[in-house]
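S.K.: The lines below spell out each chain.
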Amino acid sequence: MAGSASTTNTKPMNLKLRVWRQPNRQTEGRIVEYNVKDISPDMSFLEMLDVLNEDLLRAGTDPVAFDHDCREGICGSCDLFINGRSHGPEKGTTTCQLHMRKFSDGDTITIEPWRANAFPVNKDLSVDRSAFDRIIQAGGYVSVNTGGAPDGNEIPIPKEIADRAFEAATCIGCGACVAACKNASAMLFVSAKVSQLALLPQGKVEAQTRVENMVAQMDIEGFGACSNIGSCAAECPVGISLENIAILNREFLTAKAASNNLA
Amino acid sequence: MNWFTKTFTSSIGRKIIMSLTGLFLCTFLVVHLIGNFQLFKNDDGVAFNVYSHFMGHNPIIRTIEWGLVLGFGFHIYEALMLTIRNKGARAHKYDQWEAKQNSEWTSRNMGILGSIILVFLIVHLYNFFWRARFGSPDPDINHNDNLYKVVVTSFHQLWYVILYVAAQASLGYHLWHGFRSGFQTLGLNHRKYMPLIKNFGYAFAVLVSAGFASMPLYFYLFTNEQGALKDGVAVTLQHLTLAFN
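Protein chains in written order, with my numbering: chain A, 1325 to 1587; chain B, 1011 to 1255.
I should point out that these hints are in silico values taken from the structure, not numbers from a laboratory.
Even glycine gets a Cβ: it sits at the ideal position worked out from N, Cα and C.
Please note that the accuracy of each hint is not assured.
[Unchecked claim] So, partial list: chain A residues that the calculated Cβ filter (under 7 Å) puts toward chain B:
| no. | residue |
| --- | --- |
| 1 | Pro-1336 |
| 2 | Gly-1384 |
| 3 | Gly-1408 |
| 4 | Thr-1434 |
| 5 | Glu-1436 |
| 6 | Ala-1440 |
| 7 | Pro-1444 |
| 8 | Ala-1508 |
| 9 | Val-1539 |
| 10 | Ala-1549 |
| 11 | Asn-1552 |
| 12 | Asn-1573 |
| 13 | Arg-1574 |
| 14 | Leu-1586 |
[To be verified] Computed cross-link-like contacts, DSSO-like style, restricted to lysine-lysine with a CA-CA straight-line distance of at most 30 Å:
| no. | chain 1 | residue 1 | chain 2 | residue 2 |
| --- | --- | --- | --- | --- |
| 15 | B | Lys-1016 | A | Lys-1447 |
| 16 | B | Lys-1202 | B | Lys-1110 |
| 17 | B | Lys-1103 | A | Lys-1340 |
| 18 | B | Lys-1016 | A | Lys-1528 |
| 19 | B | Lys-1110 | A | Lys-1340 |
| 20 | A | Lys-1426 | B | Lys-1103 |
| 21 | B | Lys-1097 | A | Lys-1447 |
| 22 | A | Lys-1426 | A | Lys-1335 |
Given only the sequences and the hints, what does the whole structure look like? Please build it.
M.R.: Dropping the structure here:
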C-alpha cells in the first residue's frame, strides 16, 4: 500500500474491546472491557475474537460466546452488532468478512448481540434466531410432489423475473435487518422469502396462504412493523432491497382481499 | 377475530391504514392550501370570507369534513398502536446505536414530528375552526363572518407566528418521509416510477409546508394590524409590477 492515501491499516494493532457478557438467558448481562494486542490487520473480525478467547482461556476465564459457521460470508450465522451497526461499519459485509484493517491502532470497539425481543440472547453475543425458522415453517417453502424429476426448463421463466427472484433468494437469514431496524422489524427478511417464491411460477400455487401465514407468524414472534426507514436494506450484507417489502405488502393486501381463507 | 379485523390489526394492515389516511390527508392539505391563498388577495379579506362561509356551510363540504375527522383519527390511532408495538419489540436497547449512518433523521422521528403537528392542530382548530363554527366573529361588508380579521389579528402575535412556522417545518419533514413511504407501504414501488414518486414527494413536502408557513410570515412582516399591505411593501410591489410589465 506504499504511497496510498488509504485509511486501511497495515501494522499490528492494539485494541480496546467493550463486549457484552451475559452468562445465560435468565441473568442480566453487562459490558466488559478487554484489551487485545498485536492484532494483524489481515485477520477477520471473528479471528480477532478467537485471539481474545485464547487469552481468556489462558487466564482461566470463560471465553466469549458468539455465533459463526462458514466464515465465508454465505451461511448467515455470524451476527455481531459492532460500533452501533449490524456486522460493523463496512457496507455489504458479514462480520466474518469484516477485516481488522478497517480499524486503527488504539480503537475502542463496542460489540453487542442483535437486540430484539424476538431474538433472546443465549449467552454473551450469541442470540436465538429460531423465530426466523418458525416464520419459514409457516410458509416459506414450495410443496413438491414426489415422482420423477421434472425437466429443468419445463416451466418457462423470463430472465428478468428469474434474476429478481434470485436477488431475493440471496438473503442468508442473518437477522442484520432486524438488528438495524429501530422497530426490530423482520419485514426485510420476510419480504425476501415471500417475493423470492411469489415471483416464480412454482411459488404462485401457495402464494396467498404463504404470505398470510408468514406475516401472521412474524407478528406472533413479536417483531415490530416497518416504518420504511431503510436501515435494514442499508445494513443488509447481501443487499436485499426495499422493493421486496413493497412486493410483500402487495402480496399481503391482494391475498387478504382475494383468498378463500376466512379465518 | 374475523379475517377483516385480523387484516387491519396485523402489522402490515395497520401500516396500510396509516398510508391510506396519510395520503388522503395530503389531498386535504392541497385543498386547504389553495383555499387559503385567497388571504394574499389584498381586498380586506372579502374573497377569503366568502370562501370560508362556503366551506363552513355547504352540506357536501360538511359531510366530507367527517371523512377528514376519521382520516386524522385513524392516522393518529394507528400511529399510537404501531409505536407501542415497535417500542415493545426491543426492550433491551443498544449501548451504541449509529442509526444516522444508515437512515434519514426524518424517517426515524415521524412520531415526534407528528406529535408537534398534533399540538399545532389542536391550537389551530381552537383558534380558527372552533371560532368559525361556534363563536360569533364580527361580520364583514358582505355580512359573512370576518374570519380574515381573526387571521390577521392572530398573525400579528409573535408566539403564534413562531408556533405556526415551527409546525409547518415539522409538517415538511413529516411529508418528506411520509409521502413516498405511503406509496411504499401500499406496495406501489416500481423501479420505473419510484424515483418520480420520491422526487414528487420531496417537492410536495417543501411546497406545502413553505406555502402554509408563508401566511403567518406574510401578515407579520408585510401587513398592518388591519391586514392591508404596509406602505413600503405596497410601493415595492408596485415597482415590481411595473418592472414585469
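S.K.: For each hint, tell me whether it holds in the structure or not.
M.R.: Hints and how they fare:
For the restraint placing Pro-1336/A at the interface with chain B, the shortest Cβ-Cβ distance is roughly 25 Å, beyond the 7 Å limit, so the hint is violated. Checking Gly-1384/A against chain B: minimum C-beta separation of about 27 Å lies over 7 Å; hint violated. Hint status for Gly-1408/A relative to chain B: holds, with the closest Cβ pair at about 3 Å, below 7 Å. A cut of 7 Å between beta carbons decides the hint on Thr-1434/A: the least distance to chain B is about 5 Å, and the hint holds.
Because the smallest distance between the Cβ of Glu-1436/A and any Cβ of chain B comes to about 6 Å, under 7 Å, the interface hint for this residue holds. Checking Ala-1440/A against chain B by beta carbon gives a least distance of about 6 Å; that is within 7 Å, so the hint holds. For Pro-1444/A, the interface hint is violated, since its Cβ never comes within 7 Å of a Cβ in chain B; the closest pair sits about 10 Å apart. The interface hint given for Ala-1508/A holds, since its Cβ lies 4 Å from the closest Cβ of chain B, which is under the 7 Å cut-off.
With a least beta-carbon distance of about 6 Å to chain B, the hint placing Val-1539/A at the interface is held under the 7 Å criterion. At its closest, the beta carbon of Ala-1549/A sits 4 Å from a beta carbon of chain B; the interface hint therefore holds under the 7 Å criterion. Look at Asn-1552/A: its Cβ gets to within about 4 Å of chain B, closer than 7 Å, so that hint holds up. Residue-level restraint check for Asn-1573/A holds (minimum Cβ-Cβ distance to chain B is 4 Å; threshold 7 Å).
Nearest Cβ of chain B to the Cβ of Arg-1574/A: about 3 Å, under the 7 Å cut. The hint holds. A cut of 7 Å between beta carbons decides the hint on Leu-1586/A: the least distance to chain B is about 5 Å, and the hint holds. For a cut-off of 30 Å, the pair hint linking Lys-1016/B to Lys-1447/A is broken: about 36 Å separates their Cα positions. Between Lys-1202/B and Lys-1110/B the alpha-carbon distance is near 28 Å, which keeps this suggested pair within the 30 Å criterion.
A threshold of 30 Å between alpha carbons decides the hint, and for Lys-1103/B with Lys-1340/A the separation of about 22 Å falls inside it, so the pair holds. At most 30 Å may separate the alpha-carbon atoms for a hinted pair to count; Lys-1016/B and Lys-1528/A meet this at roughly 23 Å. The hinted pair formed by Lys-1110/B and Lys-1340/A meets the criterion: a straight-line CA distance of about 24 Å does not exceed 30 Å. With a C-alpha separation of about 26 Å, the suggested pair Lys-1426/A and Lys-1103/B falls inside the 30 Å cut-off, and the hint holds.
The straight-line distance between the Cα atoms of Lys-1097/B and Lys-1447/A is roughly 24 Å, inside the 30 Å bound, and the hint therefore holds. This hinted pair checks out: Lys-1426/A and Lys-1335/A have alpha carbons roughly 12 Å apart, not beyond 30 Å.
In this structure, the hints that do not hold are numbers 1, 2, 7, 15, in rising order.
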